[in-house]
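Novice: In case you want the letters, here they are:
Protein chains: 2
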Amino acid sequence: MDKFFNPRSIAIVGASKDFTSISGKPIKYLLEHGYAGKIYPVNPKYQEIGNFKCYPGVAEIPGEVDMALIAINYKRVLQVLTDCHAKGVKHAAIFSSGFAEAGEEGKKLQQEITALAKETGMRVLGPNCQGMVNLPNKITAGFSASLENKPLVPGSTGFVTQSGALGYSIFNMAQELGVGFSYIVSTGNEVDLHSLELMEYMMEDDSTNLLVAYLEGIKDGDTFKRVSRRGLELGKPIVALKVGRTDVGQKAASSHTASLTGSDDVFDAFFRQNGIIRVDDIEDIIDIAGLFNNIPLPEGKGLGIVTTSGGAGILAADTAVAMGLAVPELDEATRAKIGTVIPDYGSAMNPVDVTAQVINDPKGFMKVLDAMLDSDNIDGLVVVITMIAGTAGERLARDITDISQRAQKPIAICWTAGDRLMDNCFAILRKGEVPYFKSPVRCVKALGVLMNYGYFRGRWQQRDEVEAGVSASAKTRSAEPAREFLSRCDHRLTEHQGKQLLAQFDIPVTQEQVARTEAEALEIAGRLGFPLAVKVDSPDIMHKTEAGALRLFINSNEELVQAFNEVMENSRKYAPDARINGALVQEMVEKGTEVIVGINNDPQFGPVVVFGLGGIFVEVLKDISMRVAPFNHAQAMDMIKEIKGYGVLAGARGQAPADIEALADVLVKVSRMAETMKDEIKELDINPLLVLPQGKGVKVADALVIKK
Amino acid sequence: MDKFFNPRSIAIVGASKDFTSISGKPIKYLLEHGYAGKIYPVNPKYQEIGNFKCYPGVAEIPGEVDMALIAINYKRVLQVLTDCHAKGVKHAAIFSSGFAEAGEEGKKLQQEITALAKETGMRVLGPNCQGMVNLPNKITAGFSASLENKPLVPGSTGFVTQSGALGYSIFNMAQELGVGFSYIVSTGNEVDLHSLELMEYMMEDDSTNLLVAYLEGIKDGDTFKRVSRRGLELGKPIVALKVGRTDVGQKAASSHTASLTGSDDVFDAFFRQNGIIRVDDIEDIIDIAGLFNNIPLPEGKGLGIVTTSGGAGILAADTAVAMGLAVPELDEATRAKIGTVIPDYGSAMNPVDVTAQVINDPKGFMKVLDAMLDSDNIDGLVVVITMIAGTAGERLARDITDISQRAQKPIAICWTAGDRLMDNCFAILRKGEVPYFKSPVRCVKALGVLMNYGYFRGRWQQRDEVEAGVSASAKTRSAEPAREFLSRCDHRLTEHQGKQLLAQFDIPVTQEQVARTEAEALEIAGRLGFPLAVKVDSPDIMHKTEAGALRLFINSNEELVQAFNEVMENSRKYAPDARINGALVQEMVEKGTEVIVGINNDPQFGPVVVFGLGGIFVEVLKDISMRVAPFNHAQAMDMIKEIKGYGVLAGARGQAPADIEALADVLVKVSRMAETMKDEIKELDINPLLVLPQGKGVKVADALVIKK
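Residue numbers (the numbering used here), protein chains in the order written: chain A, 4 to 711; chain B, 4 to 711.
Treat each hint with caution, since some may be false.
Any copy, or any two copies together, can satisfy a pair, since identical chains are not distinguished.
[Claimed, not checked] Calculated pairs, BS3-like style, for lysine-lysine (alpha carbon to alpha carbon, straight line, at most 27 Å): (1) K6 to K41; (2) K254 to K370; (3) K644 to K625; (4) K412 to K254; (5) K141 to K90; (6) K111 to K78; (7) K594 to K672; (8) K441 to K254; (9) K153 to K441; (10) K625 to K594; (11) K56 to K78; (12) K625 to K647; (13) K672 to K711; (14) K340 to K254; (15) K48 to K78.
Derived by calculation from the structure, the hints in this document are not laboratory data.
Owing to the predicted nature of the structure, the values given are computational and were not obtained by experimental measurement.
Chain A on its own, in the form it takes in the complex (with noise of 0.2 Å):
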């Protein structure tokens, strides 16, 4: 991929001679921003361009090209492909449109592109697609007229976009606000080269730290899963804008780039259990990757707020307790500090107000903010200030500049005045590269999301060295038995099948045993002790209370002879062709709280586990968690406290505890089976999962399991 994103040598093919369309643009861009590596138009009207020889074909170039940009009829591109290939070119990127986006004979054109692709191993970028910015080495191998900025600025933020127009109209406004990036590509319709493989490069890229993602769908949940736990690793954030959140954006998406959106739900808990920061508006990738270029990244989610108007004040302070920040009372210690300069204080008061005073006492104002950043309590600072103009101004914006600069923590600043009383402020600001919010909230969002990865990122290095143990532990278990017992049952298990499937990943299920005779039930019964539940254990029989087939609280051998025999004749009544094993004898279980834990299979990410209590919860309030599998405790915990309902666990109403520790066990387990039989089992709904009080353990009352 290196040479994708640093190509020595780039031919345009269907070069233009006006500099204004799409086919004449990358020549003047590649030009003005200094691109060191050669330049081949190609056209046969065309003998030179510009101050460049023209090429009939490819194949005439007498150099080696590292990379094709193709911007012709949608009917020719194959044809040029062709051609590359045979030049031995390894990257094109496609800007035509026509393809699948269009309509059928694109759609159809499109396949044999993504078959050449596969046949030749050539990388295609788009079709439909704006091409790649490689900012710190001046690679402007694109046509959108964001590039008409000159300078470009360079930084740490590597932009992947399945949308052209949007994308590099963000890029666009981002750019003109400072904001610098290292990389921006344009996706298009994906036939070869996707978003997902791109972020991967980046992730790799020292030069890049932030990663932004504009998705509409993606193909593989695999290297997702991989690209972000590398960004855990290497603490470098991923921000997402994940559109198609509902049924009419899903719509709309289908129709734009023909991509699957996918389930919104499992996105959002996929990003999640990532610590991927999922934005809903542009300007906040603009806000987060402006900041982020400039703060080291955060380490906790204790916020510190300090302000000149106890009106802004407040809004950040709600913002940030409204998102999931912690607003800590100050120390003794930073109190005192801040006493010394606000007399009237005293109080452990976060936000921080130092009104107006600020500009008769600007050192005062420093000691609050070198005060706060002291404390232990404080992973981050939020600075509001409001319409302060002049010379009082520009000597606070030099303050601001300096600690922004010489501080080990992250500070975000807000400065809520229109540009034009207070443009000499902020130029100081902007020299010194701090970057700066208007918007109170934004500022908060913003640092915010950061210092929520951050504290996310801290559990998660640490879970990850809890759990290394058990993982190999759980992984030395074959897979084999389960898969050899799968194997020899019908598409659709039985209840008894699936729990002993279950019972194989050391899954708790309830005591029960078939029998086939008065005498057999007589013999278990012996072993289980009353009382016991009684059913028909047969794979054609799936609704057992309509049939009859189903007797509970058992409480003697007499019951259960009469019960046997009913279950069994009532059975054979009600589905004469039916193939009946026996009657499945089974204890009764303490009364415990009853959930539900199940398996989907997600196209894109693979096994999903779901979670919720039974009932009116779940059918009603669809109060449900889902992860992507597999996953570990703390991640199952999470899951659980997740659910509205997680006081009925926790022992409301003056209910004993559930035995929740059990109960994250389970669902681990669970995901572990859900990834190991991933391509066998289809679907599993575990319907109850008995959770018994604390300290006595789960037990699985029902499940269903079908094979794929």
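We have chain A; now place chain B onto it with these hints.
Specialist: Structure of chain B alone, referenced to chain A:
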């Protein structure tokens, strides 16, 4: 109040020759912005300031003084106010700080000012405020640096702010973005003139079409109700930035302007039931005011989206759906018109992606916009453009200006691109007074809240007519019997008394009667029939189950006699000193869905009706909705549908739907009772109210009433 907003003469007490100081700036600003009235500087130190004669005291001013601006040390403020009153000054604004926000001494002084205002009838703004600006009439009675900008932009937004620094900073940012205002008033500590009075004035003012309020707390819910209602009548939306949503924010607010922020849930309910647009960021204010200055009031919530970028369209659609707007499919006629421009189109898809071909076919683009505006399903239009630079962009900007100016429906423009590249285009929009956004999300939000407001107002107008008759009949009913009944009860009513009170307001309760003897019990049973419940009736026994003073499902005379005696005996044993009236013999109600209905008293808004489902829904999930009393049937229906567990009432899991109409009816009656008896009832808790299946009504099974 007219003279407060339009003073013909202004005295500046403590006037300074230093025009950069708080007491110098007002003179400078009044002069610079062209104040047409008389200016009287007051300061014994000077003979004149600027070209104005300076007076040693207010008493020495020769002419009448409509308003005094007071910018002196807080200790001398009271004396100056006394002088002002002697002089006949009717309005004063106190810029000085050092009052309730600063400590005990200040608090005392502030109380004295309050008393003086009350006594004299002089209307006092502040203290600790930044004054008032009337933009159309060029009256700048303030000292904010935002008044450095010249000229100020008059417009139709009236702004009241409890934070001077933040409010004027927002004003400054908005002004620089071209957003016009009619007034801005900063109210500071609100010793006398409070935000809601000022809003009430602006609401009736012809130059004002939209009200904005930054609020930390309010003093008077009734005024807010009045202003809100007038707003709906006149079609003037109210936009509120109410801070103190979280604990930390509320604590910070209490130390800022010493205001009580009040229960955020009640504010939220009040805003929702009155169509008040609640925003969370200062930018929302600028966005909404800027847009509404230039568009007609939307009449519904059907949003059309036209875009040059598929990605931006998806983002816009997601935002719209998430905020409850409709993004309707296009009807046949609209589709046909669009089909003539985009041949491949033909779908009913909204958003309409015109792609970059708008550059080649600008007339087609206009046809699409016209087709969308013509559609009956479309109440408002969002147009999202990405980077289209140069002459194509300029033509587009002119076309958009044209259609924005002639459209009968509201249009909001988003042009996602940086200023540097597009300023030629943006300049055309600005010249045409077309507001434009950079973020599709903010664009949809700004138009969307106005569309939701228009939709709400439409329903409000309709339902108000429907309710008129009902309300009138309800009002004719005298509350005297209820008051008289209540006066004979203890502080805490017994269950039976509580129900008798509810019955006075036509709220259905269980049939029941108190029996003092076995014989009476049998006689009552003869009338009610079985099954029955028997409970002790005593003002001194709260916990009937604990006391063994409760028997359910009594099915015969024998059981009844036994139950009666047990209940009476157990009660006497449990509480030997209790007053025992007898045993309540009560019908057992058919099993219905248990809900909870209560009345709380909010210090700002008065009685608030709270509703929720019984059991875990309220206790674990805190799943409640509330409305300020009184309200009508439609609002009660909103309230019922707002809870997360609504599905339980609607008939989840194969249950019959509950009698929601009857439930709404009871909520309305409780709200009227709450309003009528607000001076008598402190608390009401109906738990449970049984909601029977559709058509069968509801019944109060138990109720607790506490008197004030």
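Novice: Decide, hint by hint, whether the structure agrees.
Specialist: Structure-based check of each hint:
{"no.": "1", "hint": "K6 to K41", "verdict": "within (13 Å within a copy, 75 Å between copies)"}
{"no.": "2", "hint": "K254 to K370", "verdict": "between (55 Å within a copy, 24 Å between copies)"}
{"no.": "3", "hint": "K644 to K625", "verdict": "both (15 Å within a copy, 16 Å between copies)"}
{"no.": "4", "hint": "K412 to K254", "verdict": "between (44 Å within a copy, 26 Å between copies)"}
{"no.": "5", "hint": "K141 to K90", "verdict": "within (25 Å within a copy, 74 Å between copies)"}
{"no.": "6", "hint": "K111 to K78", "verdict": "within (11 Å within a copy, 84 Å between copies)"}
{"no.": "7", "hint": "K594 to K672", "verdict": "within (23 Å within a copy, 42 Å between copies)"}
{"no.": "8", "hint": "K441 to K254", "verdict": "between (35 Å within a copy, 24 Å between copies)"}
{"no.": "9", "hint": "K153 to K441", "verdict": "both (26 Å within a copy, 21 Å between copies)"}
{"no.": "10", "hint": "K625 to K594", "verdict": "both (24 Å within a copy, 25 Å between copies)"}
{"no.": "11", "hint": "K56 to K78", "verdict": "within (26 Å within a copy, 84 Å between copies)"}
{"no.": "12", "hint": "K625 to K647", "verdict": "both (10 Å within a copy, 9 Å between copies)"}
{"no.": "13", "hint": "K672 to K711", "verdict": "within (20 Å within a copy, 57 Å between copies)"}
{"no.": "14", "hint": "K340 to K254", "verdict": "between (57 Å within a copy, 21 Å between copies)"}
{"no.": "15", "hint": "K48 to K78", "verdict": "within (18 Å within a copy, 87 Å between copies)"}
Violated hints for the displayed structure: none, as all numbered hints are satisfied.
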